[in-house]
Structure formats: C-alpha cells, structure tokens
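Listed in order, the protein sequences are those of chains A and B.
The C-terminal position of the first sequence is numbered 147 in this note's numbering, with every residue numbered one higher than the one before it.
The C-terminal position of the second sequence is numbered 147 in this note's numbering, with every residue numbered one higher than the one before it.
In case anyone wonders, no lab produced these hints; they're calculated from the structure.
Here the structure is a predicted model, which means the values were calculated and not measured.
Treat the hints loosely; a few may be bogus.
[Stated by the list, open to error] Coverage of chain B stretches by chain A, computed from C-beta distances (three or more under 8 Å per stretch; other residues unrestricted):
| # | region |
| --- | --- |
| 1 | 7 to 21 |
| 2 | 67 to 77 |
| 3 | 130 to 136 |
Every residue, glycine too, gets a C-beta built ideally from N, C-alpha and C.
2 protein chains.
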Amino acid sequence: MRDDLHDLPVLLLSAARALVDGIDSRVRAGGFTDLRPAHGFAFARLSGGGATVTDLAEHLEITKQAASQMAEELIRKGYVERRPHPTDARARLLVLTEKGHACTRAADEGAVETLAPLAATLTPAQAAALRTALAHLATPGRIRPIW
Amino acid sequence: MRDDLHDLPVLLLSAARALVDGIDSRVRAGGFTDLRPAHGFAFARLSGGGATVTDLAEHLEITKQAASQMAEELIRKGYVERRPHPTDARARLLVLTEKGHACTRAADEGAVETLAPLAATLTPAQAAALRTALAHLATPGRIRPIW
DNA sequence: TCAACTAGTCAAGCTGATTGACCAAATAGT
DNA sequence: ACTATTTGGTCAATCAGCTTGACTAGTTGA
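Let the sequences and hints guide you as you build the complete structure.
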C-alpha cells in the first residue's frame, strides 16, 4: 500500500466505531434505551418489509434460533410484530411497529448528525470519490454487526 | 445531509465490515485459527508494548476481569507472555511473543490486501481527502470492537 | 503510620449465542 | 396421488464472554 494510506485501516475502523456510537447515543436520547447497536442491523433488514425469521438469520449471519430469540425480544419490547405469511403457512412475517419506525428514524438522524461535520468539509467531487472508494469495499445489502 | 451522501452510513459500516473480514481471513490463512477479530484489538494495544491488564481493559472498554480472562487465554495460546512490571510489584506487563508479532504482521497484510483494490483507484489528492474525511470522525488511539 | 487507593484475581451469575431434537407445512420425485 | 425430502420455526440444553461483587497484595499520600 502506498505510504499515504498506511493508516487507512485504523482510520476506517475508528470512523465506523464513531458512527455506531453516534447512532447509538441518538437512539438512546430518543428514549429507546432498551436497545443495543446490534438491534439496529436487524431493523435495517426489517425496515425493508417482509422479513421472516430465516431472512433475518441470514442477514445477520446468526442461527435461526438466535434470530428467533431476537425477534421475540423485539416483539416483547414493542418494536416488531408478527403477521401471517401470505403464501406460506409455516412462516410468519416480522414487521416494524410504529415504535420501530420511530426508532429507525432516530437512528438515521443520529447517523446524519454524526457525519455532518465530515460532510460539511467535502466538496461534491470529494464526496463522490469517498462514496466510490467505500463502495469498492462494501458488499451491497450486507450490513450486520462486525464481530 | 446532502443527497450525494445519504448512503454514506451504510457504505462506511459495510466497508469496515469488509475490512474486518479481510483481516480475519488472512489471519486464519496464516494458521492463527484460534483467534477472533476481537483479539486483534487487544493486539493493537499490546503491540505498543508495556500494557498492563488495566491498560488493556481501558483500551477495550471492558472490565479488568474480562481483560484478565482474555490475557489468560492469549497466554495459554502462546500469543502473549507476562513480564514483571519494572516499578510496580502489583502489576505485570503483557507483551506479545514472537507468535503474537507474527500474527499482527499477518493482520497488517490482510488489511493491506483488502484495501489494495481501493487504494489503486485513488489519486493522491483523493487519498488525502479520504484520510482527512475519516480522520474527522476517528477518535485517535481508540480502536476497539464496535459492539 | 495508617487510611485510601490501585493492580489483579476468584467466584458467581447473566446474556446472547450455539448445537441438537423436533413438529408442521411445502416441495420434489416417482 | 403418495411418499420422501426439504424448509420455517420453536423448545431445550449448553457454551462463551462479559458483568458485578468480594477479596488480597502492593502503592501512595496526608
């Protein structure tokens, strides 16, 4: 790697950490204190609509059992509810409640607020370069906890 | 946030995830199969030299007890060894063994390899902008697991 | 010198994940 | 159509990593 990028790994991990912390603190400030950052990755999948327990498990790369437990927890806390699956009587759809949507809005706001100082310093050309650079690494549609 | 950056949070998290995965697979390919990504953040602190259990706990933001257990595990697996502390008889220094250093080299290589396709597409000016942008978010010296 | 503090460990308990077993519904093969 | 296999989901037991709480040994400072 070129010398001018030797500390890029550290910067990238540190920036991602700061983003997660920023989102989490905004979510907590919104009153959603019974959630952890890991739940946000479940919400990211559920907000798309029409996710089953198995879908959730694949998205988070955890077992179906673990996804089922997480779904149960989110239902108990009022963020998610079950709907019958339209075509498969075995499956049940997990959908966000209004409370769940409100929480995802708070998370989005947290992300925007955290990244605002960064965004303000970038020219449109630099912003485009940043998006392109990160997109080179990113696997589309796969947002989930890091470890 | 400007429209051209609306998906930046997703890209940033996804890129960080890809980096962690890249490092982890390179470390495993190097034969260090008994480690998890979280251990890398401990190594990052220990490779600086002269870390006590308490230092490690603060770095990882976990309790001293958890840090002590992790140190015990890394010692048992041969990555770390204890040294007497030069000035404080209560404390003991944790230092990487040669095996530990070899593992961190593999991790560094994994990071470089993972970021190589990205680095290749950036002009020096874009690289500088990327570093500056990420540095706006990053808290210096704080690399640790994200959740 | 003695009270307060700090480094570290032992022990017990919690939580979020795992593996394994199982049922019900859907799908594929003949 | 009938059976065999696969798939969606849950129950139960267990494990790993982390927490809180209690404690010992060594250090610091009034």
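So, going through the hints one by one against the coordinates:
For the region 7 to 21 of chain B, the proposed coverage by chain A is satisfied: 14 residues have a C-beta within less than 8 Å of a C-beta in that chain, meeting the threshold of three. Requiring three or more residues with a Cβ within less than 8 Å of a Cβ of chain A, the coverage given for the region 67 to 77 of chain B is violated, as only 0 such residues are present. Counting residues of the region 130 to 136 of chain B whose CB lies closer than 8 Å to any CB of chain A gives 7, so the stated coverage by that chain holds, three being the minimum.
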